[in-house]
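K.L.:
Below are the chains, spelled out letter by letter.
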Amino acid sequence: MRQDERITITTVVRAAPDAAFRLFTEEIDAWWRRGKGYRLDDGVMRFDGGQLLQGEALVGRVLAWEPGVRLLIEWHLWNFRAGERTEVEVRFQAVGDGTRVTVEHRGWEGRGEAFQAVVGLWWGPLLAALRAV
Amino acid sequence: MTAIDRTLTALAEPTRRGVVELLRTRPYRAGELAEAMSVSAPLMSRHLRTLRTHGLIEETHADPADMRLRTYRLRHEPFDELHNWVQHVESLWGDQLAAFRDHVERKRRRK
Numbered sequence: 001m002r003q004d005e006r007i008t009i010t011t012v013v014r015a016a017p018d019a020a021f022r023l024f025t026e027e028i029d030a031w032w033r034r035g036k037g038y039r040l041d042d043g044v045m046r047f048d049g050g051q052l053l054q055g056e057a058l059v060g061r062v063l064a065w066e067p068g069v070r071l072l073i074e075w076h077l078w079n080f081r082a083g084e085r086t087e088v089e090v091r092f093q094a095v096g097d098g099t100r101v102t103v104e105h106r107g108w109e110g111r112g113e114a115f116q117a118v119v120g121l122w123w124g125p126l127l128a129a130l131r132a133v
Numbered sequence: 134m135t136a137i138d139r140t141l142t143a144l145a146e147p148t149r150r151g152v153v154e155l156l157r158t159r160p161y162r163a164g165e166l167a168e169a170m171s172v173s174a175p176l177m178s179r180h181l182r183t184l185r186t187h188g189l190i191e192e193t194h195a196d197p198a199d200m201r202l203r204t205y206r207l208r209h210e211p212f213d214e215l216h217n218w219v220q221h222v223e224s225l226w227g228d229q230l231a232a233f234r235d236h237v238e239r240k241r242r243r244k
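Read top to bottom, the protein sequences are chains A and B.
Heads up, the first sequence is in this note's numbering, so the first residue is 1 and it goes up one at a time.
Heads up, the second sequence is in this note's numbering, so the first residue is 134 and it goes up one at a time.
Simulated from the structure, these hints should not be mistaken for laboratory data.
Wrong hints could be hidden among the right ones.
Claimed, not checked - Which chain A residues stay away from chain B? Per the calculated CB distances, all over 12 Å, these:
#: 1; residue: Ala19
#: 2; residue: Val44
#: 3; residue: Gly55
#: 4; residue: Arg61
#: 5; residue: Gly68
#: 6; residue: Arg70
#: 7; residue: Ala94
To be verified - Stretch by stretch, here's where chain B covers chain A in the computed footprint (C-beta under 8 Å, at least three residues):
#: 8; region: 10 to 16
#: 9; region: 26 to 37
#: 10; region: 100 to 106
As the list claims (entries may be wrong) - Computed spacing ranges between beta-carbons, pair by pair:
#: 11; chain 1: B; residue 1: Pro160; chain 2: A; residue 2: Gly55; range: 49 to 55 Å
#: 12; chain 1: B; residue 1: Arg242; chain 2: A; residue 2: Thr10; range: 30 to 36 Å
#: 13; chain 1: A; residue 1: Trp65; chain 2: B; residue 2: Lys244; range: 21 to 27 Å
#: 14; chain 1: A; residue 1: Pro67; chain 2: B; residue 2: Arg139; range: 40 to 46 Å
Backbone N, C-alpha and C fix where the C-beta goes; we use that ideal spot for every residue, glycine too.
Given only the sequences and the hints, what does the whole structure look like? Please build it.
P.N.:
Below, the structure written as C-alpha cells:
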C-alpha cells in the first residue's frame, strides 16, 4: 500500500498495545526473520542505548520511543550510501482486544527527489501504465 | 551507480519527468516535446540525450531515410526495476510483520 511517498504495511496482533510494543522491541531477535535479505549476518538484533543493532552493525537510531504507542527509527538500508537516510515509524493502536501494528517506511529524500516523485503522486498510475506496455 | 540510481538521476529534473509523462501516452518527436514543455530545441535535445543514455527512452524512426522524423518512446525496463525495488521493500516489511504476528501468537498460546 502506498500513500504519498510512503510504504505502509499493517497487521493486527492478538495482544494489547503495551504487550505488543514490548514483544516488538524486547524480543525482536526472536521474531525478526533470519537469513540473507533479512539480516546482515548471524548477529543478535536488539535495541540498545537508543540504537537498533544487529551484531555490531547499526540498523537504525531510535528517534522516538513511546511504549504502547509509537516507535520512530532512523533506518539505514543496507544498500544505501552513507548519509542517505529513511525513517521507519511503527504505530500501535488498540483494536478490539488486539493491536493494529502499522509500519510506515518513508523519507526517501536520500535517493533524490525523483524517487519521491515516482513513489509519490504519479507513481501508481504511471507504473501501472508502463507495466501494461 | 546501480540501474535504479541511473533511473532516479535521469528523473531528477522537472522537464525530463514531464517528457516521461508525455511519452506514457504515445511516442513523440523531439520538436513536439520541446513545444509541449516550452523549452528550446537544443535544451530538449540535451534532456533527450540524458534520458536516452540513462536508458529511459529510445529513438524510433518512422522513416529511416528521414532523420527529421526521429521520434522517442519510453522503455519500460527501468521503471519495472524501480517498481520491483519498492515491491521488494514492501514485501520485506510484510514478511517481518507476519513473523511478528506469529511470534505474538506463540507467546499467547504458551500462557
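K.L.:
Of the numbered hints stated previously, which ones are contradicted by the structure, given in increasing order?
P.N.:
Result: hints 1 and 12 break, sorted rising.
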